[in-house]
Amino acid sequence: MTRPHRRAQGRAVLTASAMLATALVLSACGGGAPSSGGDFTGEYDGPEVTLSFWNGFTGGDGPFMQQMVDQFNEEHDNITVESNTMQWADFYQRLPAAVTAGEGPDVGVMHFDQLGSNAARQVILPLDDMVDELGLTGDDFTETVWEAGEYDGQRYGIPLDVHSLAMYYNTEHFAAAGITEAPTDEASFMAALDALQAAGYDTPFWMPARWPGHLMFMTLDWQFGGEPYAQDGSEATFADESGVQALDWMRGIIDEGYSPEDVAIDAQYVAFKNGETSITWDGIWQFNDLEESGLPYAGAPVPNIGGQESTWASSHQFFLPRQDDENRMNAAKVFIAWMSEHSEDWAGAAMIPARQSVLDSGALEGMPQAPIAEALDSMRFTPTAPGIGTVTTETLEVAVADGVLGAGEPAEVLEEAQGRATQLMEENLATFGQ
Amino acid sequence: MSQTTLPTRAGALAETSAPARRLRDHGRATPWLFLAPYLLLFTGFVIIPVVLGLWMSLHQWDYTLPLKPFVGLDNYIDLFTPGSTTSGIFWQAMQATAIFTVSSVPFLLVIPLLVALLMNAKFPGRNFFRAVYFAPYVLGVAVVAVLWRYLLDNNIGLVNYYLGLLGLPDDTAWLTSTPAAWVALVGVTVWWTLGFNAIIYLAALQDIPVELYEAARMDGAGRWQQFLNVTLPGLRPILTFVTINTLIASANMFGQSYLMTQGGPGRETRTAIYQIAETGLRNFQMGDAAAMSYILTLFLIGLSVVVFWLFRERRGARK
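Line by line, the protein sequences are chains W and A.
Anchor point for the first sequence: position 313 equals 313 in the numbering used here, and the numbering is continuous, going up by one each time.
Anchor point for the second sequence: position 244 equals 244 in the numbering used here, and the numbering is continuous, going up by one each time.
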């Protein structure tokens, strides 16, 4: 079986040479407002450097990132990039400490919702000059993902991809239940669940209390017309009417018997892989894992339950940590630019490349995530406010767990968590002086 | 062999008389020189962090920000002010720590003792069983927690499946409901760490002179009386050590609930150390986290004093 990303490699060489030509032309222009060290000229001709590259691609996405890094190293004589891969949770804990201690990486990738915190803490540097030099504009990206790389009017992240929640379903179960098309709205989704139960699949849709439960909650909150956080990061608003509707619906799946009670961490995904449940909503990064498991499955966009087409999404973005060495910084920028140009190879990791030109070039052709990418315009991001990621884990995730497990009424648990979330967000705003 | 070692020893003995005087001359520095390596580590890894931690707890301390404003005792006051961002979650975490400590320590004191008594007896395959009981302790917390997380899962795990086969209730949510989650956390912890205490008990049991048992038997003491009057008193110094050690270890529980329940169902199994790590390392509120850790420390110091008092040599009582 030929894997699509292999075919992509041939094209990558072409793109690389085109890119090199562009870089040469750009370097002739020179200059540019320096924001992070020296002027970025689009290419690096300084002494040989070895860059340390931090990322959190520990899953099925890891090998694809390594492959891209290897290719970059092959094409650049004076730059060697060494990957340092760790769990995302450790990554966000270590990065500020390492950079503060002067032991940070030279370049890295993080989720967009961490850019604000790290920018405010001056762990990472603005990249506006590089964006100008490379002629990168929002035109080549989906608006939301491009804006997600900005904080406080400056650009800190170069988007690599978009990854969202998706719906996976067991095609065998669907066939047995006589369902021919992936459900797209609440009516067809509920009809599918009933049909599956009638076909003997008693619990077709397991409702997780923890990850990715809060991603499902945010998806539904947006669909019901809500917004989990105020855009300016001043308050949490996930306990409003739409939020309560969202959590009520999640709990309802259990009350109506479509899901067993008390689905613990990872159980919903393991159950799906074992064929115990028919439908699950999880991140598109699971495609490779499901592909390997040999399960008869298919992916589709998350159905529109609440009325407004929306899906939770996030984005991996390249960043430049604070450091003093101009050569290393410029080499790191060359690396970021090259990776962004080659993001079509990244489609092999089941992500959706962030660049419109890459998408237009057919990078997703035949890829399992292609149907999900069609819903790109309806993908929603949380604000880039500092500390928002921690606020979510500390408050929203706990409230969703309590609500799904039936430990409290959805309205009550959300209200309580929202109060604490707003308190934390106010503290953050005070800390970062906005 | 003995022929070759003897002359060297004699030589060494002869030599010592001269340096002995020198030793007395430099007597003041010598003990410090011996202590130096330890003192260096002790200062670097205990004294300085303790003092720095106290200093941090008086500030709004985010180590990535240039300004770390002095706030006096505010962090402590916040912990005792209902409605502040830290007080509710901190005391809930302290309560979780107390629940875990109170329910795990008795098991961790008694079960290893029983195991040690068994292992101290002579029977074939003794070393094999000693290894069996100690083996889990060798595993890292991540291995133990992930293993049990899957075994205990109420929907896909093996534990409930086998309970069902035995005709017992098979729908207990071991990871997502309390008090079942506490039973799971305590059970896993006991299974995982009992070998350590058992080994210490075993060493202590082997130190109790056989003559004492013989004498007790001569006096007509039965097995139970021998245990009460010979074994337990013989274990007393070790018991103090094991109790305090186990108390502190249990009060510092973190990995099991972090990996098995994620502090859940909601926040119920989130221990103090868990909350301190979240506050300090993920939320960067090092000042708040430091204040929390000092309060936890005070509790632990108080607890240790009580244990020492309970296990003290009671001269008057014994007569």
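It is worth saying that the hints were derived from the structure and are not from the lab.
For every residue, glycine included, the Cβ atom is placed at its ideal position computed from N, Cα and C.
One or more hints might be untrue.
[What the hints assert, rightly or not] Computed footprint of chain A on chain W; a stretch qualifies when at least three of its residues, placed anywhere within it, have a C-beta under 8 Å from a C-beta of chain A:
id: 1; stretch: 110–123
id: 2; stretch: 155–167
id: 3; stretch: 201–212
id: 4; stretch: 256–268
id: 5; stretch: 402–411
id: 6; stretch: 420–430
[Said to hold, decoys possible] Some, not all, of what chain A presents toward chain W, calculated at C-beta under 8 Å:
id: 7; residue: Val190
id: 8; residue: Tyr258
id: 9; residue: Gln262
id: 10; residue: Gly264
[To be verified] Have a look at the derived ranges for each label pair, beta carbon to beta carbon:
id: 11; chain 1: W; residue 1: Gly135; chain 2: A; residue 2: Pro66; range: 44 to 54 Å
id: 12; chain 1: W; residue 1: Glu186; chain 2: A; residue 2: Leu67; range: 26 to 36 Å
id: 13; chain 1: W; residue 1: Gly252; chain 2: A; residue 2: Gly164; range: 49 to 59 Å
Does the nearest C-beta of chain W fall within a distance shorter than 8 Å of the C-beta of A/Val190?
Given a least distance of 21 Å, the restraint on A/Val190 is violated.
Has the hinted range 26 to 36 Å been met by the Cβ atoms of W/Glu186 and A/Leu67?
violated (50 Å)
May I ask you to test the interface hint for A/Gln262 with respect to chain W, counting a Cβ-Cβ separation under 8 Å as satisfied?
Constraint on A/Gln262 satisfied, holds at 6 Å.
Is the interface hint satisfied for A/Tyr258? The criterion is a beta-carbon contact with chain W at less than 8 Å.
violated (10 Å)
Verify the interface restraint on A/Gly264: the C-beta must sit less than 8 Å from at least one C-beta of chain W.
holds (6 Å)
Counting residues of the stretch 110–123 of chain W with a beta carbon closer than 8 Å to any beta carbon of chain A, are there 3 or more?
Our answer is that it holds, as 3 residues pass the Cβ test (under 8 Å) against chain A, meeting three.
Can the stretch 420–430 of chain W be counted as covered by chain A under the rule of three residues or more with Cβ-Cβ separation shorter than 8 Å?
Since 4 is at least three, the answer is holds.
Do at least three Cβ atoms from the stretch 256–268 of chain W come closer than 8 Å to Cβ atoms of chain A?
holds (count 8)
That 44 to 54 Å hint for W/Gly135 and A/Pro66 (C-beta), does it hold up?
violated (35 Å)
Would you say the stretch 402–411 of chain W counts as covered by chain A, given the rule of at least 3 residues with C-beta under 8 Å?
Coverage by chain A holds for the stretch 402–411 of chain W (4 residues, Cβ < 8 Å).
For the range 49 to 59 Å, tell me whether the beta carbons of W/Gly252 and A/Gly164 fit it or not.
violated (28 Å)
Under 8 Å between beta-carbons, do enough residues of the stretch 201–212 of chain W, three at least, approach chain A for the coverage claim to hold?
holds (count 3)
When each numbered hint is compared with the structure, violations occur for hints 2, 7, 8, 11, 12 and 13.
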